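Got chain A sorted already, so can you dock chain B onto it with the hints?
Line by line, the protein sequences give chains A and B. For what it's worth, the numbering used here labels the leading residue of the first sequence as 1, then goes sequentially. For what it's worth, the numbering used here labels the leading residue of the second sequence as 324, then goes sequentially.
Please note that the accuracy of each hint is not assured.
[As the list claims (entries may be wrong)] Some chain A residues flagged as far from chain B (calculated, every beta-carbon gap over 12 Å):
1) Glu156
2) Ser297
3) His309
[Claimed, not checked] From the structure, some residues in chain B lie toward chain A, with a derived Cβ separation under 7 Å:
4) Ala396
5) Val429
6) Val488
7) His521
[Claimed, not checked] Covered stretches of chain A (in silico footprint by chain B; criterion: 3 or more residues with CB under 8 Å from a CB of chain B, positions within the stretch not fixed):
8) 19-29
9) 36-47
10) 70-84
Simulated from the structure, these hints should not be mistaken for lab results. The model shown is predicted, which means the values in this text are computed figures rather than measured ones. Quick reminder that beta carbons are idealized off the backbone N, C-alpha and C, glycines included.
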Amino acid sequence: MSEQPDREELASRYLLGGLSENEAMTLEEQILSDDDVFENLEIAEDELIDRYVRDELRTEERRRIREMILNSPRLAERVEIARILTTRVSPQPTETVNPKPEKIRWWNLFLPTPQMAPAMRFLAVTPLALLLLTSILLVLVWTRYRAESQRWANTERRLSQLQKEIADQNAKSSGLETALSQTQQEKAEQEKLLADLQRQLAEQRGQTLPIFSFFINPGVGTRGGSGAEASFRIPPGTNELELRLNVESGDYSQYEATLQDADLKPISKPSRLKPIRRGNRKFISFKVPTRLVPPGSYSIHVDGLNNQHAREDFSDYRFRVTR
Amino acid sequence: MIPLEPVLSFNDPQPNDLRDKTDAKRTHRKSKWVMTQTAFDKLLSCFSLDRDEAGRQYERTRVRLFRVFEWSAVGPADELADETFNRVARRIDEGQNIENLIAYIVGVAKIVCKEARKKHLPVPLDDAPESRLRITPEPVEPDIRMQCFDKCLEGLSSERRFLIVEYYQQERRDKIDRRQKLAERLGIPQNALRIRAHRIRVALENCITECLEAAAGRNE
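Chain B with its partners taken away, still in its complex shape:
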């Protein structure tokens, strides 16, 4: 879905702002840059001249950029991704010619990531306050997540259920042999098995997420 309005993000200097001072000075001297529709359209046009295709590529890049920030162990990943796109859009709007859009985005993302790391100083995990912990609280009986898991697992076809159960057997040494034998039994390469198991798992997790959301909606 192509947003009709650009996503606005923060540009105001923060206390202990560890962003690039040159950039901060420039920002301070000039008026705060705000993503306009024109700037956003220019950004999309860099993906593709076809508006729909440009929208698809933008969304795909945004999702993957989000993951890159997650894998970089910095957050919040959604805000950092938006910030990256804002900066890229601003450069384009200011007339900068970008030959390789993806490489430029990665470069800007690296800067944003560094700035985020500097901003949020690392805290020893043992001292991490409860509010920083984003891990889901311990399940209490009855475990809705467990129920949703069982329900979604049962909802898979017998072939898919069998594959994922066989694939994720626990024993380490046995796991390797099991997967090799499973691949031979299905007549597919091991990498294809790996990909197939991943996709079934993604479908399973999506189902569980929907189930949990539905349960949360009922509880409200």
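The following block holds chain A by itself, in its conformation from the complex:
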């Protein structure tokens, strides 16, 4: 590196005529054959011209340069250009000389430049690398989160769908129950109708239809004497109802029974009945067509007949026919 200032000084001395003849000839051989030496002389010529224009040369030096200029139109032209160059690039800013500031792109802040030391290049690249890595991680996390969200949405949608199906099933079930109840009601009505039709048919054919018998105690509805009226259902197809009325507490030889409705209005004519003893029971058998006793509450008033055949109030037998 120290050779360069020596070469610059040698070139300057050569141009100013400060070398010996031998030194000059040696340098001239290099000028003719060595590109770097020649360029160095050209640069020395630039600098001497600049110093000449700026009046920075000593008197003898200035004289030497003027002699060169006098003998060279090329150097004279160079001097004129140097004057303009000096004027144009003076410290006062001008529009034509001031360089436009380079537009620094934002990414250049993160990119290494050839002027940076290797360590600085690494530091310049590191933030960009971290930013890139962080961005990649964020994208991955976001992608995963999005997939999870979609899965949740699908699950909720499915759940909602199932709940709707359950509600529909419940509604359907409720409807089916209603339909079942209606069906059962219709069935009962049809069974009743069927029984009526069978009875009518039997009456038409003169067939004796089955009798339904039921034992009733006096004043109480049940055999145990609980006070509630007897309640029974007449089986379908039964034409005649036989009510066996308990007369164990009476000692009449004959009784008279009359069927009454809930308002105690007679439904049938009085019937004279003789008591029947079977085992340890003594009762009278009161028969009534089932058509006379549709579901509802009834009572049978029973009078005893004495020796003069006068009626003596004996007991009432309450019962209920259910569907």
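Same frame as chain A, now just chain B:
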């Protein structure tokens, strides 16, 4: 470009000719030597056996020899360079064996330079006639050279323009610091900066020269 014909220069004795008298006598006694094609080819062959390479080296040497004469403050440099090559070619043509062509050319150039100095006696600059002054006349408005300068400077890339403006700032003391800082900013040695600035300046000057020639052509 390789000249097909040798460049002819003066050989006739001049009044007050201060050339080497021995050489002058020889010249006077013998017929004037003229560069022939053969002599020129012999000269080229001394540069290189390859004709094209020889031509490049000849032209390069000629340009640099021209500069040497300019730097020697003698002129006209182009004629002196031609004269040098003629003498060298003549010696080669006469059969002289030249081991170091460049050194021989420099030697002959030194003689030619001395002869030119003797021929054109130095004149005090203050007394120099107007015709001797080769300095361009004072510019008149509008200054075409200034316009060409601005145009060519603007034509440089922003990086080159910035470099050359920064490099040629005026203040002396500040200039040294500026150049050092500029070199550090660019990350290059100061000598590399020096060379880069020179080359940009050469390009700028070439552009200005072309611009001036174009302007002169339009004015004609």
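For each hint given before, does the structure comply? Return the numbers of the non-compliant ones in rising order. none
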